Amino acid sequence: MRKILLLCIVLAGTLKVKADDGTKLFYALRTKILTVKDYTADVKMKIDVSFMRVPQLRGTLYFKAPDKMRLERNGGLSMLPKKNINLTISNLIPSGNVTVIDMGPVTVKGKKLRLLKAIPEDDMANIILTKIWVDEANLVATRAETTTRNDGTVIMDLDFGHYTNYGLPDKVTIYMNVKDYKLPKGVTMDYNDETEATKAPKSASQGPQKGTIEINYLKYAINTGLSDDKFGKR
Amino acid sequence: MIQLLHIELFKIFKRPRTYISFGIVTAITFVIQLAMLTDGKGFVNFALSGVNEQFDIQGNILNGYLIAYIILQSLLIHIPLLVALVAGDALAGEANAGTLRLLLTKPIARYKLVLMKFTGAFIYTVLLIVWLAVVALFLSLLLFGKGDMINLKSEAFVMILQDDVMWRYALAFAFAVLAMTTIASMSLLLSAFADNSIGPIIATMGIVVVLTILSNLELPLFTIIKPYLFTTHMIAWKGFFDAPIPYYAIGRSALVLVIYTIGFLAATVWYFNKKDIKS
Amino acid sequence: MRMLLGLIFPDAGQIFIDGTEFNNSRRHLLGKIGAIIERPDMYGYLTGWENLKMFATLSDKHIKHDRLHEVLEIVGLKGREHDKFKAYSQGMKQRLGIAIALVHKPDLLILDEPTNGLDPQGIAEMRGLIRSLSRDHGKTILISSHLLYEIEQVATSMIVLHKGRKVTEGKVNDLLNPDETLVDITMTGNAGPVIAGSQWAAGLVAQGDNSFTFKMNPAHIPALNRWLVGEGIDVAEIRSRHSLEAYFLSLTDDSITAHRAV
Numbered sequence: 001m002r003k004i005l006l007l008c009i010v011l012a013g014t015l016k017v018k019a020d021d022g023t024k025l026f027y028a029l030r031t032k033i034l035t036v037k038d039y040t041a042d043v044k045m046k047i048d049v050s051f052m053r054v055p056q057l058r059g060t061l062y063f064k065a066p067d068k069m070r071l072e073r074n075g076g077l078s079m080l081p082k083k084n085i086n087l088t089i090s091n092l093i094p095s096g097n098v099t100v101i102d103m104g105p106v107t108v109k110g111k112k113l114r115l116l117k118a119i120p121e122d123d124m125a126n127i128i129l130t131k132i133w134v135d136e137a138n139l140v141a142t143r144a145e146t147t148t149r150n151d152g153t154v155i156m157d158l159d160f161g162h163y164t165n166y167g168l169p170d171k172v173t174i175y176m177n178v179k180d181y182k183l184p185k186g187v188t189m190d191y192n193d194e195t196e197a198t199k200a201p202k203s204a205s206q207g208p209q210k211g212t213i214e215i216n217y218l219k220y221a222i223n224t225g226l227s228d229d230k231f232g233k234r
Numbered sequence: 001m002i003q004l005l006h007i008e009l010f011k012i013f014k015r016p017r018t019y020i021s022f023g024i025v026t027a028i029t030f031v032i033q034l035a036m037l038t039d040g041k042g043f044v045n046f047a048l049s050g051v052n053e054q055f056d057i058q059g060n061i062l063n064g065y066l067i068a069y070i071i072l073q074s075l076l077i078h079i080p081l082l083v084a085l086v087a088g089d090a091l092a093g094e095a096n097a098g099t100l101r102l103l104l105t106k107p108i109a110r111y112k113l114v115l116m117k118f119t120g121a122f123i124y125t126v127l128l129i130v131w132l133a134v135v136a137l138f139l140s141l142l143l144f145g146k147g148d149m150i151n152l153k154s155e156a157f158v159m160i161l162q163d164d165v166m167w168r169y170a171l172a173f174a175f176a177v178l179a180m181t182t183i184a185s186m187s188l189l190l191s192a193f194a195d196n197s198i199g200p201i202i203a204t205m206g207i208v209v210v211l212t213i214l215s216n217l218e219l220p221l222f223t224i225i226k227p228y229l230f231t232t233h234m235i236a237w238k239g240f241f242d243a244p245i246p247y248y249a250i251g252r253s254a255l256v257l258v259i260y261t262i263g264f265l266a267a268t269v270w271y272f273n274k275k276d277i278k279s
Numbered sequence: 001m002r003m004l005l006g007l008i009f010p011d012a013g014q015i016f017i018d019g020t021e022f023n024n025s026r027r028h029l030l031g032k033i034g035a036i037i038e039r040p041d042m043y044g045y046l047t048g049w050e051n052l053k054m055f056a057t058l059s060d061k062h063i064k065h066d067r068l069h070e071v072l073e074i075v076g077l078k079g080r081e082h083d084k085f086k087a088y089s090q091g092m093k094q095r096l097g098i099a100i101a102l103v104h105k106p107d108l109l110i111l112d113e114p115t116n117g118l119d120p121q122g123i124a125e126m127r128g129l130i131r132s133l134s135r136d137h138g139k140t141i142l143i144s145s146h147l148l149y150e151i152e153q154v155a156t157s158m159i160v161l162h163k164g165r166k167v168t169e170g171k172v173n174d175l176l177n178p179d180e181t182l183v184d185i186t187m188t189g190n191a192g193p194v195i196a197g198s199q200w201a202a203g204l205v206a207q208g209d210n211s212f213t214f215k216m217n218p219a220h221i222p223a224l225n226r227w228l229v230g231e232g233i234d235v236a237e238i239r240s241r242h243s244l245e246a247y248f249l250s251l252t253d254d255s256i257t258a259h260r261a262v
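If you're matching them up, the sequences are chains A, B and C in order.
Taking our numbering, the leading residue of the first sequence gets 1, the next gets one more, and so forth.
Taking our numbering, the leading residue of the second sequence gets 1, the next gets one more, and so forth.
Taking our numbering, the leading residue of the third sequence gets 1, the next gets one more, and so forth.
Isolated chain A, as found in the complex (with noise of 0.2 Å):
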């Protein structure tokens, strides 16, 4: 840990000038994410885990800031990651003090963008490091890394569109490692339908695996001051 601080110190020293627009355009884009306190969004969502079959859930997600979240689906049942793997950018971005680096302009999927890495100050804080491409000229992140203490590399891409103006996507697609599950076969007398289908995972069952989780955001009510009650029982 020690060595990356450390590299990123010397890489901070040889790209200052560079870096001060980095650190410039980050809190920028910081302070824009954080201007959407809450929202109200009918998304769907879709979880694409090797051992989780789980359809498209329709549904709608409250998002209070900073951390609050919940997926409503009218009787059915929510399912979101865990609490500090969280659906929204602002909690992929490190807070309070951070130490930018600009890595200069890159070209991903034919855009212009500008990759920054940021690390935040605080020691103690869940997120190491992140790694933001960010298209300047709407001031949104397209696509974000980052790597956590607790729980392994998250990584975000965003697609934007109709709410580019509040930093909004209409898309996130997050990727991020799961552990491996595995219930014992005599608590739950599979029916072992001895198709390809079902063995084919099992090879690519060890160690952790990728997981990828699909939002679709359809519309999204802005800052309408939800209350603390929407998120319930916690």
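It should be emphasised that the hints constitute simulated quantities derived from the structure, not laboratory data.
From a predicted model like this one, the values you see are computed outputs, not experimental measurements.
Hints are supplied without guarantee of correctness; some may be wrong.
Restricting the straight-line Cα-Cα distance to at most 20 Å, the calculated cross-link-like pairs of lysine-lysine (PhoX-like) are [stated by the list, open to error]:
1) C:K86 with B:K14
2) C:K53 with C:K64
3) A:K171 with A:K109
4) B:K14 with C:K53
5) C:K61 with B:K14
6) A:K32 with A:K68
7) C:K61 with B:K112
8) B:K278 with C:K163
A partial selection of chain A residues facing chain B, derived with a Cβ cut-off under 8 Å [said to hold, decoys possible]:
9) P55
10) G76
11) S78
12) P81
No residue lacks a Cβ here, since even glycine has one placed at the ideal position from N, Cα and C.
Since the structure of chain A is already known, use the hints to place chains B and C on it.
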């Protein structure tokens, strides 16, 4: 033919013993429902521990659909006993009571009698499963409400949307009828061999228990014979709660069960046709 | 009996009923037969009426309710038909069995041991019923029984089977000689030599310590008794066996003293 069936059903449903099965189904269902009402949360937390570490699942997890699945899972192993109570008794019970003697001095072909006994047992099985659906599914829905259904498999966590569940249950119950009909036909064959009904009932249960154990043993030797045991295929109803549904495997299981049923029935007719009625 | 009804299958041979081979037209023939095989077992959880109605339906003919009432009347179960079968006495069960055997107006009744398990009164009732069925209803009735006295009283023709083989057959009146019966006499004292030297010795067929069995005309019993007393022999008991029994034993004489059926 219709009259014969009418008589068979009349006999089945005039007997107190027939209703014991319905009582047992109701009682076990109640017990599970009661246990789930009082201790369901703990059960769900235990079952979901693998998923809960990384996902936060909220809402009515312990809904009627899940309860019904739990009930089916634990009860369907025991339904063969209840089916055997009627099917195993069908011929042997009459032999024991001496009524078979009188019955066979009437101008009825023996194969028709066997077919009617089978049809009677089948209708009883259907009604038993329908009753199971009523208490296990509809009563659970009443007690625990609706919701998305989760299905915990050993290697996967399956979630089914609530408006996508009912048709799966319809198919699952239909499959359960098929599986239990296989049991009924086996029980009837055992019944033809015996002159008292305890034997076939116990034998049916013994065969089901032993074969179920073989079906679930993860040993190489048993893996070879597993696909040929009907008990392996009796739980194919669970396939309807998977995503995607393994239709091919379920279809094959259904075929195996149908073949077994026809085989048992043919053997019963063949044996009973040449049996000396000495009781 | 069971073979006649197709319950068990013969190892060899064929069965003809009314000139028709049984196996080829089993259904047709069974429709014309009514039967009770040993015990009249029926469904205990059903009422007499339900049992009767059910077996009537199975007889392959359309049978009206009137007919059910009619047979209940014949067997004397009227008024008790709605009791559960298991609550019936043995005699009532047997009578319901007859009702079921009769209900489809069969040409032939086969009764296998119809008096099995009946008390003396039941046996007498059954006898009356069989007689009336034959006389008043014109049925042919095939009865098997080991109660020879019962057969003697109701049968017109008979076949004697011994150890699975036919010994004889014919009209009861022809076969039974009313002038000849077996008489068992128990007496005290050393009667053997006395009898051996008398005219009665010709009729002596078996001899024990104190018991002697004579084959003789029953009309001569008083004379024999008088003679024994005159010879100074105390007679403890004189018992005349039933005629059919006597006849049966005479046909199968290896067991004259062994079988003392009452």
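Okay, the hints, checked on the actual structure:
no.: 1; hint: C:K86 with B:K14; result: holds, 14 Å
no.: 2; hint: C:K53 with C:K64; result: holds, 9 Å
no.: 3; hint: A:K171 with A:K109; result: holds, 16 Å
no.: 4; hint: B:K14 with C:K53; result: holds, 14 Å
no.: 5; hint: C:K61 with B:K14; result: violated, 24 Å
no.: 6; hint: A:K32 with A:K68; result: holds, 18 Å
no.: 7; hint: C:K61 with B:K112; result: holds, 17 Å
no.: 8; hint: B:K278 with C:K163; result: holds, 19 Å
no.: 9; hint: P55; result: holds, 6 Å
no.: 10; hint: G76; result: holds, 4 Å
no.: 11; hint: S78; result: holds, 4 Å
no.: 12; hint: P81; result: holds, 6 Å
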